[in-house]
Amino acid sequence: MNPAENLRSEAVAVPSAAYRARLLAMLERVCANCRAEPDPVATVLEHLRRFWHPWLRQALTALDAQERAQASETARQVLERLDAG
Amino acid sequence: MNPPRETPTVVYVPRDAAALAVGADVVAGAIHAEAARRALPVQIKRTGSRGLFWLEPLVEVATPQGRIAYGPVQPEDVPDLFTAGFLSGASHPLRLGSPEALPYLQGQDRLLHARLGVIEPDRVDDYLATGGYRALEQALALEPPELVAQVQRSGLRGRGGAAFPAGIKWDTVRRAPGPTKYVVCNADEGDSGTFADRMVLEGDPFSLIEGMTIAALAVGATQGYVYLRVEYPHAYRTLTAAIELARARGYLGPDVCGSGRAFELEVRVGAGAYVCGEETALLESLEGKRGLVRAKPPLPALAGLFGRPTLVHNVLTLATVPVILAEGAEAYRDYGCGNSRGTLSLQLAGNVRRPGLVEKAFGMSLGELLYDYGGGTASGRPIRAVQVGGPLGAYLSPSHFDLPLDYETFAAAGAMLGHGGIVVFDDTVDMARMARHAFAFCADESCGKCTPCRIGSVRGREALERVLAGGPVEAELALVRELAATMRDASLCALGGMTAYPVLSALEHFPEDFTARARSGRPVQG
Amino acid sequence: MRLCDDDLGTPARLGAATVRLTIDGRTVEAPEGTSLLRAAAQAGIRIPRLCASERLEPFGSCRLCLVQIEGGRGYPASCTTPVAEGMVVHTHTPRVTELRRGVMELYLSDHPLDCLTCSANGDCELQEMAALVGVRRIRYPAGGQKHAGMPVDGSNPYFAFDAEKCIVCARCVRACDEIQGSFALTVAGRGFAAAVTAGQGEGFLGSECVSCGACVQACPTAALMEKRVIEEGLPERAVVTTCAYCGVGCSFGVELKGEVPVRLVPDGRGRANEGHSCVKGRFAFGYATHPDRVRSPLVRGSIDEPWREVGWDEAIAHVATEFRRIQARYGREAIGAVASSRCTNEEVYLVQKLVRAAFGNNNIDNCARVCHSPTGYGLKRTFGESAGTQDFASVDHADVIMVIGANPTEAHPVFGARLKRRLRQGARLIVIDPRTTGLVHGPHVRAEYHLALRPGTNVALLNAMAHVIVTEGLVDESFVAQRCEADSFARWRAFIADPRHAPEAVEAETGVAAEQVRAAARRYASADNAAIYYGLGVTEHSQGATTVMAIANLAMATGNIGRPGVGVNPLRGQNNVQGACDMGAFPHELPGYRHVSDPVARAAFEAHWGVTISPEPGLRLPHMLAEAREGRFKGIYIQGEDLAQSEPDLEHVHAALEAMECVVVQDLFLNETARYAHVFLPGASFLEKDGTFTNAERRISRVRRAIPPLAGLEDWEITQRLAQAMGHSMAYSHPSEIMDEIARLTPQFSGVSYALLERLGSVQWPCNEEAPHGTPLMHRERFVRGEGSFVLTEYVPTSERPDGRRELLLTTGRVLAQYNVGTQTRRTANGVWCSADVLEIHPQDAEARGISEGDEVCIESRMGQTRLRARVSERVRPGMVFTTFHFPASKTNVLVTDGSDWATNCPEYKVVAVRVERVAGASA
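Residue numbers (my numbering), protein chains in the order written: chain A, 1 to 85; chain B, 1001 to 1526; chain C, 2001 to 2924.
It cannot be assumed that every hint is accurate.
Once the Cα atoms are required to be at most 35 Å apart in a straight line, the calculated DSBU-like pairs of lysine-lysine come out as [claimed, not checked]: (1) C:K2227 <-> C:K2891; (2) C:K2146 <-> B:K1296; (3) C:K2227 <-> C:K2257; (4) C:K2227 <-> C:K2146; (5) C:K2227 <-> B:K1289; (6) B:K1289 <-> C:K2891.
Treat the hints as calculated values from the structure; they're not laboratory data. Keep in mind that this is a model prediction, so the values were computed, not measured.
Let the hints inform the model, and build the full structure from the sequences given.
Printed below as a string of structure tokens:
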């Protein structure tokens, strides 16, 4: 069994709004802590890739436009790159 | 206030504790009152004591012919003395003439104690006028090694009891590495029948302060402590006042006599433990801990107070230092005999007709001291025993009275000079009880650290109590002998170690007091 | 069984020169400064002694060790006499024999000669020495003064002091002073009346005694004796093992009668503790045989049902069936596990192997998530290895010690005692802690600087210190140039030199006077050797990982890495939390801290295990719980961790557990989490298993089975059975085989084996071909990652701040007598010292709220509320309150918010804005 496949098959459920908000707050904290880095967006993406379970990253991509509107610039860029896969 | 009509007559009344104990303050008050009553101008100066205790209160009057002594003066004698004209040195039954001419003093070698009874102890100018601080002036001009060499050449040995060569100790502390060193004066004079330290503290405190300052210069210390026994309140007041005066005059402090060298001095008061006269227990106590004896090594000279190199000396040793510097090491060395150089401060006490302080060059015989100075017993009965060197000194019998007073001879006779205290007993003394007392004293004063002293002293006391109660003598005495030897050889410090001296010497020189008891069944008393 | 036989009598001296002397005709060599007693003992010559011990400075009081030295006077004590070149010593002359007998006879004259009924019979040095010295009679008759009949002080729950058996050797007093540093004991009185006294005579329990046991250990007779030995008699056998409390990892001898542990005795050869112990490790082991222990697996259909006792086979089969069912229905990622950092390395390794090989995912975490995960992250990024840099002995060489957010005298007592010893020797101390801990003012210990910062501002403060170091020219330029990355340092230097990091600029934020920060920074930077020790006050913050990296930056910038006396030292909380991390009980890391995305590392395990390993990080524990509430995560295997009490935001945790379909708890007791469990698998205590623990200094020590597992299986066996039931073959017959596999697959452990551990006693990883005897000090020549990396540590304030309603900041910590959530210590007599959590509050804050000492107060955070009794104390600064979390009834963690470290999700236990009010009607 291909693990990646298994992960994808589980991404059907839509995360709750509260959970999405929590994850966005987490993302914002990562962004804030990486803001002094030369390329904050890349640093944050790398952090998510290394430490966040795919479900969490997928949940971020489920953020709707309204939710994204409240995100910081860095977070928005990160979300865009996540959307792009 | 009327101006003085004429120059007042100076009257000297000692303020030494020994004089106070026999009413010196009351006498001084009586003189003051009587002078006022008679409208005679009198200035009373309070000095230390010359150390002729049977004559205390010894009042002296300054006359054109020099000082004239009267004594022992009781308050009720005072009107009579005035009437007789003692202010001009007139004759009176109590008139003793020039004090220096008294045989007791005339025969002495008063180097260290020259100022006792002469100067007012709390006047720097008196001290300076009698040669004080000359030694410090010289010392400031010398390099530390040369200072140490002078002490070495003088042959001075520690006067506290152990008689260790002072120069070697100084050199050890001087050479010890480390930026912080201390000079500590052991003024915990606890031996029965001793008082020389106290007399210096009360009668000539600057000599100690000067001696400690010189010692500090020599070894590289900037802080000194005097560890004073709590039982000496007068000495405490005199010494602390003198330290304040010395500081005010620049003899102590950050810049001693403008030399740029610092020396501070503090007095710390003990809490009534005899064992704190032992130098390592003293250091513990100074550090604020229980007065517990330390094992040696390390020597205090290398790791003493707060673990720093520390020069620990008795009062007499340190107060002798200015004498050596001022008079010259060789001049000091000329006194004495063999390896015991200089003078010894002997303190006569107990059942003796003329108790007091006798400073003599080493070498005089014990008998000479007891009879020529002491005048035999106060009771008029024959001397049967003397204890030399404090409560842990050996008991000697008249067969020892021709022994010359020097360290080596005494050691060879199984005795010791110690701090120079001599307690006299007449023929009514019960030496078995004295031996019991030695153990009891040790039991009372033991710090409790080492086993031979902590338990042995109690077991020794109990064994002798059984003897005193008429128990079987031979087995008990064998046990006592063995126990005393165990304590001597196995104890951590001299307290337990030297308890054997009074016990074994009593057994050896006065065996009849132990064996006769079994026959008579004399019970123990107290 | 005591260790006195190998005790050489006086401490080792490390004199440069070697001295040659003759003892009893034998030529002996010893370092300068060595005592004759020790030199003789090393040559196999046994000199009688009672007051000497190699863990105490020589004292010279018993006078049994007297010898004769040719040309010397008298009979010097060999314990206090140093060796000298050419010295000729005789230890056994007729006179010396006489003296020893004389002294021993005195001892015995004041001793109740009731040897046959004495609790120390057969284990008494007095008895032994009497035999050695050969006393044949006591000539002092009865009726003399004695200590017989003095009252026994039984106030301490674990040991008694019987004064009539005391020989006043003061070993207990000196152990209390020199080893533990409590100065609780003294010898009061003098002469025959000299008597060991606790405090000012209050007795042991009422005194400053911390019940570390050093005095009991030091006592040569039955004067200080464990009550269990008094009750049960001497043990028959001993098994050397490793303590299961904190991360110090003390070595103990478990002394037993049959299968009953009688006492634990600290092992003098244990290199983590060197014969010392604390009240928990030495005495609080009764939980292991407590009646509450569960002895049979339990199963139930739902958490409302009562438990049903079942056999192991049924329980295991049930779990396997459930987990497979869940995976089949919800997907492979729907289950996970939490490995216990209380269990052995081998057991943790098996759990992560179970997850990766049998579950087929990376959903494995361990309690480091909630304690030191930021340490692993931060030190890996800066130094290249997720562990402390030093061994404990290193502190003996430190000149300046900086303790940040740690309270070692309470939480790591044996190391705390060692640290205090170094402080008493003169090392300077800087404490960064909002609370006045025991180190700030203690007996003969005082912090030169106590930077009592506002909770949550660690990064601002450490940045300010770094700013001072950089702007005042205190950087160790040559170290940085030789050992660190030039570019990351240059970036960091420019970053930190910015005036916004100046102490003056952050003074208002941290609450610490700028001048204090400057002075402390100068002190740290200008020391010959400066060491940092830190604890959960660093990691359990929203910027935990950043703080760890700020610490690493400081150490690198000042060159305080790579030699004795320096370093960055996390004080790990649990006995094996270092090991649990080392063993790969992390969702993103395989054993040896290799990322799951690393194809080389993955391939090695895949080859050995015969499975495919997911390259994606698994769920962290908080995310398992969050996903459970989201409905995606359905089953969990929890090995020895009480999530329902120890996690933050407990109401959320409870809901998450309730949402799962199969919760499996493996523990000693039916803990809080077991309320939510469907299966309970009874685990084995540390006394019941073989294995290894790894302590805070990376020291791997053996755990040895002293008694059989109460429920029949060691924890690794349970996991192995579960793996087998789930279809993954595991067939280890002994934990040593698991360690062999770990060694084969993990570079840092490649040299480790049980045979090596038997030979060396313990070993500090990395242990491999390059370091066959382990690595006490890391990063000596170069950093593990090559060059040290400076990380920019931007201060991002926590969102958890006081507001109009919640004006105070709550922070949490531990006390000495209790441990973590109290599962163990609450089941011992340690309650006499601490029987409830209390809320420390500053007098000003208490007064403003009408709160008096002992009042019941209500504490409310934005997550929940609870009630505690108040303790009005100046140990906390105004605006701050403090409590512990040892008792479930306190529900302290109900208050803790969902805030967590940005990098690792380590919860922000240390900063909770709270409202505190006196409960109306309640009073003390």
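Now for the hints, and whether the structure bears them out:
no. : hint                : in the structure
1   : C:K2227 <-> C:K2891 : 34 Å, holds
2   : C:K2146 <-> B:K1296 : 30 Å, holds
3   : C:K2227 <-> C:K2257 : 15 Å, holds
4   : C:K2227 <-> C:K2146 : 24 Å, holds
5   : C:K2227 <-> B:K1289 : 32 Å, holds
6   : B:K1289 <-> C:K2891 : 46 Å, violated
Violated hint for the displayed structure: number 6, the only one.
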